[in-house]
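37 is the number that the numbering used here gives to position 38 of the sequence shown; each next residue is one higher, with no gaps.
Don't take every hint at face value.
[To be verified] Below, computed lysine-lysine pairings styled on DSS-like, alpha-carbon distance capped at 30 Å:
id: 1; residue 1: Lys92; residue 2: Lys19
id: 2; residue 1: Lys80; residue 2: Lys114
id: 3; residue 1: Lys143; residue 2: Lys183
id: 4; residue 1: Lys12; residue 2: Lys92
id: 5; residue 1: Lys82; residue 2: Lys12
id: 6; residue 1: Lys19; residue 2: Lys80
id: 7; residue 1: Lys183; residue 2: Lys114
id: 8; residue 1: Lys92; residue 2: Lys134
id: 9; residue 1: Lys171; residue 2: Lys114
id: 10; residue 1: Lys171; residue 2: Lys92
[What the hints assert, rightly or not] So the derived label-pair ranges between C-beta atoms look like this:
id: 11; residue 1: Leu18; residue 2: Tyr84; range: 13 to 23 Å
id: 12; residue 1: Glu83; residue 2: Lys134; range: 13 to 23 Å
id: 13; residue 1: Lys92; residue 2: Asn72; range: 43 to 53 Å
id: 14; residue 1: Pro52; residue 2: Arg87; range: 54 to 64 Å
id: 15; residue 1: Leu178; residue 2: Leu18; range: 46 to 56 Å
id: 16; residue 1: Gln159; residue 2: Thr136; range: 38 to 48 Å
id: 17; residue 1: Ala156; residue 2: Pro52; range: 45 to 55 Å
Derived by calculation from the structure, the hints in this document are not laboratory data.
Quick caveat: nothing in here was measured; it's all calculated off a predicted structure.
From the three backbone atoms N, C-alpha and C, an ideal C-beta is built for every residue, glycine too.
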Amino acid sequence: MILKKSNLVNNEKLVFYNLKKNLMRHLLYFSLLIINFSLLISCYTFRGASLDPNLKTIQIQNFQFQTAGGPPNLSLQFNEKLKEYFQRNTSLKTTNINPDLMFEGAIIGFTVEPKAASSDDKGGLNRLTVTVQVKFTNAKNDEKSYDQEFSFYQDFAQTQTITAVQGELVPKILDQIVLDIFNKTAGEW
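Modelling step: build the complete structure from the supplied sequences, incorporating the hints.
As structure tokens, then:
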């Protein structure tokens, strides 16, 4: 009986030792995984933009409203969204005197077109498209400057009027256009 009790104690010690060894090994692997993940996150930017350290200032001029239709405050909405996005996502300071980067342009399109017709008008869609002409000037590197149109659209049911849906659709469209402008501009830094 004494021999069996001694074997039992030795077995318990061995099991405890193996458990402790496995726990330490898993803890080490988990710690290494956390460290590696932290290093990977610190190397990644969600926008793919790395700001040139020589760029310090930005000017966003008021975009003109040069199209028929659309809400009267469309250019104001666009200007605010563009300014806010660059202020929130870069360290650039706004200025009116000799900016490193400058945006100017106009809203040149606000169109509603039928996109998908149906015989009973229940499944038909209309498409609202907003187009913005952007002239971007990079005073530090003229090769990065551009003059380009950006547009985006949202579809809505033909049973709805543009007046009823533009309050919901226009902000989504402008958000996407602002993101496209940012990616075109900052993605090349």
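Results for each hint:
Taking the CA atoms of Lys92 and Lys19, the gap is about 56 Å. The hint is violated against a cut of 30 Å. Taking the CA atoms of Lys80 and Lys114, the gap is about 28 Å. The hint holds against a cut of 30 Å. The suggested pairing of Lys143 with Lys183 holds, with an alpha-carbon distance near 10 Å, which does not exceed 30 Å. A hinted pair counts as satisfied when its Cα atoms are at most 30 Å apart, and Lys12 with Lys92 does not qualify at roughly 66 Å.
For the proposed pair Lys82 and Lys12, the alpha carbon gap of about 67 Å is over 30 Å, so the pair is violated. Distance restraint check for Lys19 and Lys80: the Cα-Cα separation of roughly 56 Å exceeds the 30 Å cut-off, and the hinted pair is therefore not satisfied. Restraint check for Lys183 and Lys114: the C-alpha separation of about 28 Å stays at or below 30 Å, so the hint holds. Taking the CA atoms of Lys92 and Lys134, the gap is near 19 Å; set against the 30 Å cutoff, the hint holds.
Between Lys171 and Lys114, the direct Cα distance comes to roughly 19 Å. Compliance with the 30 Å bound is thereby established for this hinted pair. For the hint linking Lys171 to Lys92, the alpha-carbon distance of about 26 Å falls within 30 Å, and the restraint holds. Range check, Leu18 to Tyr84: about 54 Å between beta-carbon atoms, so the 13 to 23 Å window is missed. About 20 Å separates the C-beta atoms of Glu83 and Lys134, a value consistent with the hinted range of 13 to 23 Å.
Against the hinted window of 43 to 53 Å, the Cβ-Cβ separation of Lys92 and Asn72 comes to about 26 Å, which falls outside the hint. Restraint check, Pro52 to Arg87: a C-beta distance of roughly 19 Å breaks the suggested window 54 to 64 Å. In this structure the supplied range 46 to 56 Å holds for Leu178 paired with Leu18, their Cβ-Cβ distance being about 52 Å. Evaluation of the 38 to 48 Å hint for Gln159 and Thr136 yields a pass: the beta carbon distance comes to about 40 Å.
Our hint of 45 to 55 Å for Ala156 and Pro52 holds, since their Cβ atoms are close to 49 Å apart.
Figure legend: structure checked against the earlier numbered hints; hints not met, in rising order: 1, 4, 5, 6, 11, 13, 14.
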